[in-house]
Structure formats: C-alpha cells, structure tokens
Amino acid sequence: ETGVTQSPTHLIKTRGQQVTLRCSSQSGHNTVSWYQQALGQGPQFIFQYYREEENGRGNFPPRFSGLQFPNYSSELNVNALELDDSALYLCASSQSGSEKLFFGSGTQLSVL
Amino acid sequence: AQTVTQSQPEMSVQEAETVTLSCTYDTSESDYYLFWYKQPPSRQMILVIRQEAYKQQNATENRFSVNFQKAAKSFSLKISDSQLGDAAMYFCAYRSGGSNYKLTFGKGTLLTVNP
Numbered sequence: 000e001t002g003v004t005q006s007p008t009h010l011i012k013t014r015g016q017q018v019t020l021r022c023s024s025q026s027g028h029n030t031v032s033w034y035q036q037a038l039g040q041g042p043q044f045i046f047q048y049y050r051e052e053e054n055g056r057g058n059f060p061p062r063f064s065g066l067q068f069p070n071y072s073s074e075l076n077v078n079a080l081e082l083d084d085s086a087l088y089l090c091a092s093s094q095s096g097s098e099k100l101f102f103g104s105g106t107q108l109s110v111l
Numbered sequence: 002a003q004t005v006t007q008s009q010p011e012m013s014v015q016e017a018e019t020v021t022l023s024c025t026y027d028t029s030e031s032d033y034y035l036f037w038y039k040q041p042p043s044r045q046m047i048l049v050i051r052q053e054a055y056k057q058q059n060a061t062e063n064r065f066s067v068n069f070q071k072a073a074k075s076f077s078l079k080i081s082d083s084q085l086g087d088a089a090m091y092f093c094a095y096r097s098g099g100s101n102y103k104l105t106f107g108k109g110t111l112l113t114v115n116p
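Those protein sequence lines, which keep their order, are chains A and B. If you read the first sequence in our numbering, its first letter stands for residue 0, the second for the next number, and so on. If you read the second sequence in our numbering, its first letter stands for residue 2, the second for the next number, and so on.
Mixed in with the good hints there might be a few duds.
Here are the computed lysine-lysine pairs in the BS3-like style, where the Cα-Cα straight-line distance is at most 27 Å [unchecked claim]: (1) B:Lys103 <-> A:Lys99; (2) B:Lys56 <-> A:Lys99; (3) B:Lys79 <-> B:Lys108; (4) B:Lys56 <-> B:Lys71; (5) B:Lys74 <-> A:Lys99; (6) B:Lys108 <-> B:Lys56; (7) B:Lys79 <-> B:Lys56; (8) B:Lys108 <-> B:Lys71; (9) B:Lys103 <-> B:Lys74; (10) A:Lys99 <-> B:Lys108; (11) B:Lys71 <-> A:Lys99; (12) B:Lys108 <-> B:Lys74; (13) B:Lys103 <-> B:Lys56; (14) B:Lys71 <-> B:Lys103; (15) B:Lys79 <-> A:Lys99; (16) B:Lys79 <-> B:Lys103; (17) B:Lys56 <-> B:Lys74.
Sample of chain A residues facing chain B (criterion: CB under 10 Å; computed from the structure) [said to hold, decoys possible]: (18) Gly2; (19) Tyr34; (20) Gln47; (21) Leu89; (22) Ser93; (23) Glu98; (24) Leu100; (25) Phe101; (26) Gly103; (27) Gly105.
It should be emphasised that the hints constitute simulated quantities derived from the structure, not laboratory data. Predicted, not measured: the structure shown is a model, and the values here were computed from it. For every residue, glycine included, the Cβ atom is placed at its ideal position computed from N, Cα and C.
Assemble the whole structure, with the sequences as input and the hints as a guide.
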C-alpha cells in the first residue's frame, strides 16, 4: 500500500507567477482534499475532489483551482501568486465513506 | 461556522510523565467527528486518535486517550508515559458528519519532551 506523495517538496516563485502542485493519492482512495498551512497556523481547507468533481470549497479565491484525474492523482493550481500564498500545501486522500484522511508531507511554496 | 481553539501554544513534559493538551470547539451540529493529529518536523500530518460525537465512551489508542466533554465542547488529549518521539506539533481538528471531509483545525500546540 503506497502512501500519499506530493511533488515538488519545495518551490520558489515570484509574485504574479503561476504554480502547479501535484499529489498522488493513496492506492484505492477516490477523494482528495488540499489544505494551506501558513507558518505558525493550522491547515486551512482549500477544496475537495471526489471522482474528478469539486464537491467542497473553503474560503479561497478562484485563482486557486484544482483537478483530479481518473487515476485519482490531483493538482492544485494557483494563478497570480501573492506574497501571502507562501505556505505549506498539504494534500490528503481518503476512501469514500471513511472519515480517515491520509496526508502527504506537503509542498513548501515560497513567493518572493 | 465551526471553530477550534487550542489555548496552549506550547507545552513541555518530562520523559515518562503524563501531559494533557487542551482543545475546545464551537458547533451547532450534533453529528461530527473530532481528531488529534501530530505533525513532526517531517511535516506529514499523522492521525493520533479520533472520536465520534455520538459515542459517550472516550477513545483510547495505546498511550493516547481523550477526555471528550460534549456539553462543554471540550476535547483534550492525554499522553501517558511520554516518549522523546512524541515531540511534535499537535493539532485538534473538527469534521462535520456526512460526506464533506473538510477538517477545521486549531492553531496547534508545540509539545516538547525533555529527557
């Protein structure tokens, strides 16, 4: 059984650029969610995908978007990066019907 | 909207001793789950223990146990026989019942274990 893997582990971008973060869900999991964790804070829910459709979204602007693929891997896209987007981005997968989430180790994004 | 509050930014404990981390939450829902997650320096969130709101019995996982007080909306974590490997950030989290997997996290408590 493979775990949740995220790539890249670290990323540096400049303000105004676009970024894509990737997540490979744990085998057998059909639901993926993304969280943003700013320094010294708890993670905040960005959105969730189930069977390639977004079915829940937190308080994040439309420039945060995502995709889930048929193999249940996922992407988080952020356009027009702002300095405040600097954070750890965590991906979590789960199997429908289970309340257990399995997290990856995150992508640390720095926006300069 | 649900909120989760962890009032202890930092806690420390001696190895082999017991420590309790506090968490309170606010909700108007009756069906929900509560969790404690551990985040070591590796950054990966690791589930420590979970509690279903409809269960009156407090959850226990080896050295970890909770004190769930539903009326007071309190959910504390007790770590017994603390080990050096327990040192990490601990987050309390809330999830509504149903198919929405959104977790609402507190700000975390940094636990230091002294040898």
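Hint numbers contradicted by this structure: The structure conflicts with no hint, since it agrees with every one listed earlier.
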